[in-house]
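Chains A and B, in that order, give the protein sequences.
Once you know that position 48 of the first sequence is 47 in numbering that gives the first Met the number 0, the rest is easy, because the numbers rise by one and skip nothing.
Once you know that position 154 of the second sequence is 153 in numbering that gives the first Met the number 0, the rest is easy, because the numbers rise by one and skip nothing.
One thing to keep in mind: the hints can contain errors.
Cut-off 20 Å, straight-line C-alpha distance, at most; resulting in silico cross-link-like pairs (SDA-like, lysine to any residue) [unchecked claim]:
1) K1(B) - Y75(A)
2) K292(B) - P71(A)
3) K49(A) - E204(B)
4) K67(A) - T214(B)
5) K49(A) - L210(B)
It should be emphasised that the hints constitute simulated quantities derived from the structure, not laboratory data.
Chain residues, written in single-letter form:
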Amino acid sequence: MISFSGVEKRYSATDAALDGVSFDIFPGEFVFLVGHSGSGKSTAMKLLIKELEPTAGEIRVAGRDLAKIPRPRVPYYRRNLGVIFQDYKLLPNRTVYENVAYALQVTGGGRREIRDKVPDILRLTGLSTKLHNYPDQLSGGEQQRVAIARAFVNHPPLLIADEPTGNLDPETSIGIMQLLYRINQTGTTVLVATHDVAMVDKMRRRVIELADGRKIRDEQSAAYAAAESTREFAVRMRSAQG
Amino acid sequence: MKPVFFLREALRALKRNAIPSFAAMATVLVTVLVLGVFIPVVQATTGAANEVRGKVIADVYLKTDAKRADIERVDRLLKSEPMISKVEFISKDQAYKAERERNPKAYELLGSNPLPDTFRITPGNPDDIGKIRDALAPSAPGGGRTVVDPAIDEVRNREEDTNKILAVTNVVKITMALLAGLLGIASMLLIANTIRLSLYARRREVEVMKLVGATDWFIRWPFVLEGVIVGLFGGVVAILLLAVVKIAVVDPLAADFALIAAPETIDFPLLIGLLLVAAVSVSALGSGLSLRKFLRV
Numbered sequence: 000m001i002s003f004s005g006v007e008k009r010y011s012a013t014d015a016a017l018d019g020v021s022f023d024i025f026p027g028e029f030v031f032l033v034g035h036s037g038s039g040k041s042t043a044m045k046l047l048i049k050e051l052e053p054t055a056g057e058i059r060v061a062g063r064d065l066a067k068i069p070r071p072r073v074p075y076y077r078r079n080l081g082v083i084f085q086d087y088k089l090l091p092n093r094t095v096y097e098n099v100a101y102a103l104q105v106t107g108g109g110r111r112e113i114r115d116k117v118p119d120i121l122r123l124t125g126l127s128t129k130l131h132n133y134p135d136q137l138s139g140g141e142q143q144r145v146a147i148a149r150a151f152v153n154h155p156p157l158l159i160a161d162e163p164t165g166n167l168d169p170e171t172s173i174g175i176m177q178l179l180y181r182i183n184q185t186g187t188t189v190l191v192a193t194h195d196v197a198m199v200d201k202m203r204r205r206v207i208e209l210a211d212g213r214k215i216r217d218e219q220s221a222a223y224a225a226a227e228s229t230r231e232f233a234v235r236m237r238s239a240q241g
Numbered sequence: 000m001k002p003v004f005f006l007r008e009a010l011r012a013l014k015r016n017a018i019p020s021f022a023a024m025a026t027v028l029v030t031v032l033v034l035g036v037f038i039p040v041v042q043a044t045t046g047a048a049n050e051v052r053g054k055v056i057a058d059v060y061l062k063t064d065a066k067r068a069d070i071e072r073v074d075r076l077l078k079s080e081p082m083i084s085k086v087e088f089i090s091k092d093q094a095y096k097a098e099r100e101r102n103p104k105a106y107e108l109l110g111s112n113p114l115p116d117t118f119r120i121t122p123g124n125p126d127d128i129g130k131i132r133d134a135l136a137p138s139a140p141g142g143g144r145t146v147v148d149p150a151i152d153e154v155r156n157r158e159e160d161t162n163k164i165l166a167v168t169n170v171v172k173i174t175m176a177l178l179a180g181l182l183g184i185a186s187m188l189l190i191a192n193t194i195r196l197s198l199y200a201r202r203r204e205v206e207v208m209k210l211v212g213a214t215d216w217f218i219r220w221p222f223v224l225e226g227v228i229v230g231l232f233g234g235v236v237a238i239l240l241l242a243v244v245k246i247a248v249v250d251p252l253a254a255d256f257a258l259i260a261a262p263e264t265i266d267f268p269l270l271i272g273l274l275l276v277a278a279v280s281v282s283a284l285g286s287g288l289s290l291r292k293f294l295r296v
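I would like the entire structure built from these sequences, with the hints used as guidance.
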C-alpha cells in the first residue's frame, strides 16, 4: 500500500529530517510510526500527503509514484486518502455536519449522497447528537472524532493520522484508537504517527520506529491479535492501562 | 448545482466575516466615490485645455496685388494640406471693415485700405502649427523665409501666444493624466490590500480545504464571487451617492458654469457603468489573485 525506498528529505544541506528510510506497508495493515519529536515522523507524513517533496528516494502509494503526480492532480490524489491531524484541522465556520459534508462536496458529491452518507458516518463515530454544533463547542476528543469522520466519509483505502491523540487524555485516546481500529477492520490500511509509546505497546501492532531520520526498528508484535473484535480490543486496552 | 453551491459558500463567508467584508466594501465605496468625482473633473479640465488649444491659428497674408486667380490657387493649396483642418478667407474689404470699427480714427487718417487678403488657417492638431508654417514658408538658406506660392507674402502664427498656449495646455493635460493614473493604481492597491487582509484571516481555512482534496478552483470560486458581491455593493452605494450629488449640486450649477456642461464630459450612465464594472472586476480579481499565495500548500 505504501512503499518508501531510500527516502531522504533535507530542509538544509547539513541536516536531514529523513535519511534513507525504506519500508513497505501492506493493504489492511495497522501500523504505528513512532519516534521522539524531531525524529522525522511528521516529515514522513507530509511526504505522504504530498505537502513536501523528498530530496531523494521514491515513495509509492497504491502503486503510484508520488513524484509523478503533477501539481494539478494532487487534490485528486488526496481524495484517496483520509488524513487526521493532532490539531484536528476542522473548518471553524462550519457545523459538524457541514465539516463532514465538505469532504463530499469537494469530490462533487450531490445533496442526496451527502444526506445518505454524513449521518451514517457521524453515527459510526458517535456524534449523532452533535450534528449542528460548531467545532469550538466540542471537546478535543469530539473534534478528533469529527476529523476522523471527515477523513473516512469517502471510504479511502488508506488513512493516515499524525499524532491523533497528541492533545487528548488517555481515556479519550483509547476511544480514538478504538475508532481507528474499527476503521482498520473494514479493510482500510491505517498508519498512525505517535510518540505515545505506552499506547503503542498496548495496541500490539506493527511498529516502525524512527530516530534522527533513520529507521531503527520495524517489528510485528509477537502477540498480534488479528481477529480481535473492536470490543475485545477496547477491553484489553483499558485493562492494560490499569 | 455547482454555481449555487459556490454562491452559497460566498454568502456564508460574507456573513461569517462581517467586519472584514464591511471594510472591503467601504474601501470600494470610497474609491469609487473619489474616482467618480475625479473623472469628470479631469475631463472638464482637458476639455477646457483643448478648447484653448483650438485657438491656435496662423494667418497667411497675400501680396496686396493678388488677383482672384491667385487667391483661388492659394485656397486650393491650403485646402490640400492634410495638417490644416480649417481655412477661412478674409478679404481686404472684410479686414478693413473690421479694423476700422476697432480703430476708426487711424483708418480715417489713412484714407485707403493697406490691408492684404488673408487666409486664417486652423491646424488639425495644434502641435503641428510650426510644421505647417515651415511647409508654407520654408526657411531660406540666408536666414529669412521663402514662400511656396508667389502670391503669398508672409505666414505668421503669432509665435509667442501659440507657444504659451501649447506649453500650458500640455502641462495641464499631462498632470491630469498622471493624477488619474496614480489614483487608478492607488485604488487598485487599496482594494487588493483590504481583500488580502480579510483573506489572511482565513488562510487556515484554505489550508484545510486543500488537505481535504479541494482543487484550487473549488476553493477559489467562492472567494471570487465574494469579491464580486463586495464590489457590486460598494459600487452601487457609491454610485447612488454620486447620483444624489449630481442631481442636487452639479445639475443646478451646470446651467451657470459652461465648464461642467462641456460636451467633452462623459455622460453619467456611461460613467457609472464604467465605475461599476471596474469596482466588480478589481475586487473579484483581487480576491482571486490574493488567494494564490495561500493556495501553495
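Each hint tested on the structure:
no.	hint	in the structure
1	K1(B) - Y75(A)	holds (18 Å)
2	K292(B) - P71(A)	holds (15 Å)
3	K49(A) - E204(B)	holds (18 Å)
4	K67(A) - T214(B)	holds (18 Å)
5	K49(A) - L210(B)	holds (10 Å)
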